[in-house]
Amino acid sequence: MSPLNHPHSKSLRVDQLPHIWCQGCGLGIVLHAYADALEETGLDLDKVATISGIGCAGRASGYVNTDAFHTTHGRALPFATGVGISRPEIKPVVISGDGDLFSIGGNHLIHAARRNVDVLVICSNNFNYGMTGAQFGPTTPSETKTPTSPYGNIENPFNLVALVTSAGATMVSRWTVMHPNQLKRSIKRGLTKKGFSFIEVITPCTTGYGRLNKMSPLDMMKSLKKTGKIRKVLPIEAICDPATEIILGDFVDIEKPTYNEVFESLTHRAGVAL
Amino acid sequence: MAEVLTGSHFVHGDWACAEGAIVAGCRFYAAYPITPATEIAERLAQRLPRVGGKFIQFEDELGAMASVIGASYAGQKAMTATSGPGISLMLENIGLAVMTEAPCVIVNVMRSGPSTGQPTAGAQGDVMQCRWGTHGDIEIIALAPQSVQEMFDLTIHAFNLSERYRIPVFLMADANIGHLYESLKIPETDRINIVDRRKPTAAKGEYRPFSAGEDLVPPMACFGDGYHFYATGLTHNERGYPDMSVEAQDRLIRRLCDKIRRDTTRIEMVEEHFTDDCNVLVVAYGITARSALSAVKRAREGGIKAGLLRLITLWPFPDARIEELTRCCVGVVVAEMNYGQLVREVERAAMRRVEFVPKLGENPHQPEEILAAIRRAGK
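Going down the list, the sequences are from chains A and B.
Quick note: the first sequence uses the numbering used here, first residue 499, plus one each step.
Quick note: the second sequence uses the numbering used here, first residue 124, plus one each step.
Hint data in this document are derived by calculation from the structure and do not stem from the laboratory.
Keep in mind that a hint or two might mislead.
To be verified - Pairwise CB distance ranges (calculated):
1. A/Thr-646 with B/Glu-337: 46 to 52 Å
2. A/His-766 with B/Gly-240: 50 to 56 Å
3. B/Arg-384 with A/Lys-545: 37 to 43 Å
4. B/Ser-211 with A/Ile-728: 44 to 50 Å
5. B/Tyr-462 with A/Ala-741: 38 to 44 Å
6. A/Gly-769 with B/Gly-130: 45 to 51 Å
7. A/Glu-538 with B/Ser-334: 29 to 35 Å
8. A/Gly-769 with B/Asp-400: 53 to 59 Å
9. B/Glu-447 with A/Lys-545: 52 to 58 Å
10. A/Thr-539 with B/Phe-133: 52 to 58 Å
11. B/Arg-475 with A/Gly-769: 33 to 39 Å
12. A/Thr-630 with B/Val-369: 21 to 27 Å
13. A/Asp-739 with B/Asp-319: 36 to 42 Å
Said to hold, decoys possible - Once the Cα atoms are required to be at most 20 Å apart in a straight line, the calculated SDA-like pairs of lysine to any residue come out as:
14. A/Lys-712 with B/Lys-428
15. A/Lys-545 with B/Leu-416
16. A/Lys-691 with A/Lys-754
17. A/Lys-508 with B/Ala-326
18. A/Lys-508 with B/Lys-428
19. A/Lys-508 with B/His-396
20. B/Lys-428 with B/His-396
21. B/Lys-327 with A/Val-512
22. A/Lys-643 with B/Tyr-350
Stated by the list, open to error - A short, non-exhaustive set of chain A residues, derived as facing chain B with CB atoms under 10 Å:
23. Val-512
24. His-530
25. Ile-549
26. Asn-605
27. Arg-613
28. Asn-614
29. Tyr-649
30. Lys-727
31. Asp-751
32. Leu-764
By construction, the Cβ of each residue, glycine as well, lies at the ideal position given by its N, Cα and C atoms.
In isolation and in its complexed conformation, chain B is listed as follows:
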């Protein structure tokens, strides 16, 4: 079996994610079985040993996430996949990955919560958890696929961003996309852009593992290469050693956050439909964006100038674009599969109240529900 399965496939989203990881160069995967992400583990258990990679099923998600950071420090591209309850267990180590700048990808195939909730029911209830779940000041990157194709494409992109910025990157899928079957096209390898972390150029004795240049992202040596460097979850100086001074905390946290904040325009990804002249803007992501697009088209047929802003990056949040697009709108609609999460961000960015269409339980929004909200918002 080849490393890259170039060609057309009719597969589910979790399968596409696993293949995207292999194409991106992922050679270490650790996870604990959980619905609805288990199929990613099953696919990679089969595939990774054949492409020189390692698959390990851990005793729990705490261990899985810690081992991903270990593999990342040993120079591998590493991934884990889980769902909400698993993310809840991983959060402390996700903070460790942020603090020690370990590139890695965390897939959350979201299901209904809180707690055990409805394990097989898709949801979008973890979008704030991935932003703020771990303690302390952090910036994070999170991508939301809306199709099986994007489960593949955005998994690769998630690896590229994690390597570029030395940060854990979330792929925030929902169970509906994870379990959806549709066509997937895997391109030729030479048509896929792959980013690898920057290696240090300093001599081994001179390497300062947390010293960054203008882009604020330090080059990364890996274990086993003779740099003998140290990393800790404690606040640290450029050499990696614990530093409990006020200045060290201020300097480190600013750099960790600013390496993302300064580059938001490069990281942010949205897709727009009919936004050139819209006066009602719908904001949606993931599976919901598909219903939203249908609703927007039907609104247009009915004479309402509706437009769709689909968020591909949930974090960093595209504040500026939302502010710009909503400035001249009569109304704004947000639809998401939860009881009100990213709607707060939209309200903050747009500086106004919006028409919110929540959805609880496994079925995605019907276009009619969003259409009704567009009509209300357009009045």
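One chain only, chain A, in its complex shape:
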């Protein structure tokens, strides 16, 4: 397709397509929803910065036609914090994966939520480290077989929705890539909301997790449709078990002063020079 004809020629770097993701992977759907949301909200793209960490999901920033940065593993949020604090007119958006954000970058995530940094985090959760070959991670269900848990995962997974809520996030939603319209709606809300917004997107890793657990790409997508259930529950009750049920929906949407707003009032307290 000619770059000029591409439906997202405004919000994506169409000359960088096709993307690197595998067939059947849902990360393209996440990117699509983000591109749609960027265009539909009518935000000034000069004032959006897309930042990602390492891993499959981390490659998203390279396809987005805003200022964009591909950081080291786990450090997308502190980089975004540096951008958003030093230039408050810029809205940082972090697009990354569950391993990047909750394992190696987990400490930054809870602290960015605690500070209420004005940032939107879109976390693709595929229940494993896809880029390195489907090893278990902080979201992998117990007993799952992976190359580094050949006898079954002996650890317990995080519930991302419950975790970020308790850390202080002001907006928390969960969707799957089989719910692209709801996902887009939440991204639009997060783009315009002030504060730490978090969207978890369940997406299949067909090449890694799926192949090792004998699930075809189509089965994985179908299973998201089947297990994904939209319910109004407390974040702590938002179960995320790909074998039984994945509770979806908007769980938190509250107002709280952002880090920048509080810093602004501190500046007045400190007194300004000159």
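Following the hints, put chain B in place on chain A, whose structure we already have.
Chain B only, in chain A's frame:
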């Protein structure tokens, strides 16, 4: 409170560093508390909100360093300060700053290591870490202050170099200087040279963020200005996009290193005492250089033609000057507060063995210890 506190002050080195940063234009500081660098954070927590800057205390040094790169890309002059254990945590992101050419300043107020070591004890044990700590082929700039005045002056210079070359610049202080109280003179603003990064002149659609001219340093746009550019820690082409070809790696690494290697004569700074006719050369830096100068003067009084080469830039290392000065010397002495680090570089540059005076534990060298080494080397 004014932005620049022109006048005379009796302060410690960490305070001087913080004020130097403000004068240089630093408006973003991120750090995690650590002895003996905490006083820099405390001063900037007080000062930055008053001059339109941002101070943030991070959850760890990994985050602090990453946020400094973010602020740098958003167009700010940004700094962090820490000590050895903090640098160990920052190293991966220091490599990211080198790779993405993010101007920034990293202050290391060195304490005794390895590991937790002696947190309040000054040392010079991180001088090779700052050169080689992050993985891959890099060039780096590191400056070593020997006084409170230089904590101020060299912090400004570190910002200027980082903006000029788009590289992280280390200020390698030691705890002895960081905590030392002595007089500081802050000049009038118009007498201080400030360098700002070069902005792109290309039209927004034409901007190639990693395309450099003859000086090999690409002009730098910042986030929010409408250039919509991309940067990555992956090997990249001139447009900033990942490129996994052999040619891309070769081209990028050569440029990143050569922008410094080609300009070493401009970057290198040394101070020389009695080197015109010396036949024993002492090489030292930081707090140690003060003891060394005293030792050299006493050697002269005793009839030994000793001279001092004080390194102000540790990196790039002044190979040529050392080679030149040591050519006609009978002996060479190196004193540093570690168990043998820059001495190896001196031996390499001078192409000979040298008399080494190590020092471990918090007390700087006594001039007598260096004097004894001068006598041994002069025989």
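Structure-based check of each hint:
no. : hint                                 : verdict
1   : A/Thr-646 with B/Glu-337: 46 to 52 Å : 49 Å, holds
2   : A/His-766 with B/Gly-240: 50 to 56 Å : 42 Å, violated
3   : B/Arg-384 with A/Lys-545: 37 to 43 Å : 38 Å, holds
4   : B/Ser-211 with A/Ile-728: 44 to 50 Å : 46 Å, holds
5   : B/Tyr-462 with A/Ala-741: 38 to 44 Å : 57 Å, violated
6   : A/Gly-769 with B/Gly-130: 45 to 51 Å : 20 Å, violated
7   : A/Glu-538 with B/Ser-334: 29 to 35 Å : 34 Å, holds
8   : A/Gly-769 with B/Asp-400: 53 to 59 Å : 57 Å, holds
9   : B/Glu-447 with A/Lys-545: 52 to 58 Å : 54 Å, holds
10  : A/Thr-539 with B/Phe-133: 52 to 58 Å : 55 Å, holds
11  : B/Arg-475 with A/Gly-769: 33 to 39 Å : 59 Å, violated
12  : A/Thr-630 with B/Val-369: 21 to 27 Å : 23 Å, holds
13  : A/Asp-739 with B/Asp-319: 36 to 42 Å : 54 Å, violated
14  : A/Lys-712 with B/Lys-428             : 80 Å, violated
15  : A/Lys-545 with B/Leu-416             : 54 Å, violated
16  : A/Lys-691 with A/Lys-754             : 11 Å, holds
17  : A/Lys-508 with B/Ala-326             : 18 Å, holds
18  : A/Lys-508 with B/Lys-428             : 72 Å, violated
19  : A/Lys-508 with B/His-396             : 63 Å, violated
20  : B/Lys-428 with B/His-396             : 11 Å, holds
21  : B/Lys-327 with A/Val-512             : 17 Å, holds
22  : A/Lys-643 with B/Tyr-350             : 45 Å, violated
23  : Val-512                              : 13 Å, violated
24  : His-530                              : 19 Å, violated
25  : Ile-549                              : 8 Å, holds
26  : Asn-605                              : 5 Å, holds
27  : Arg-613                              : 8 Å, holds
28  : Asn-614                              : 13 Å, violated
29  : Tyr-649                              : 32 Å, violated
30  : Lys-727                              : 35 Å, violated
31  : Asp-751                              : 26 Å, violated
32  : Leu-764                              : 6 Å, holds
The structure fails to meet hints 2, 5, 6, 11, 13, 14, 15, 18, 19, 22, 23, 24, 28, 29, 30 and 31 from the earlier list, while all remaining hints are met.
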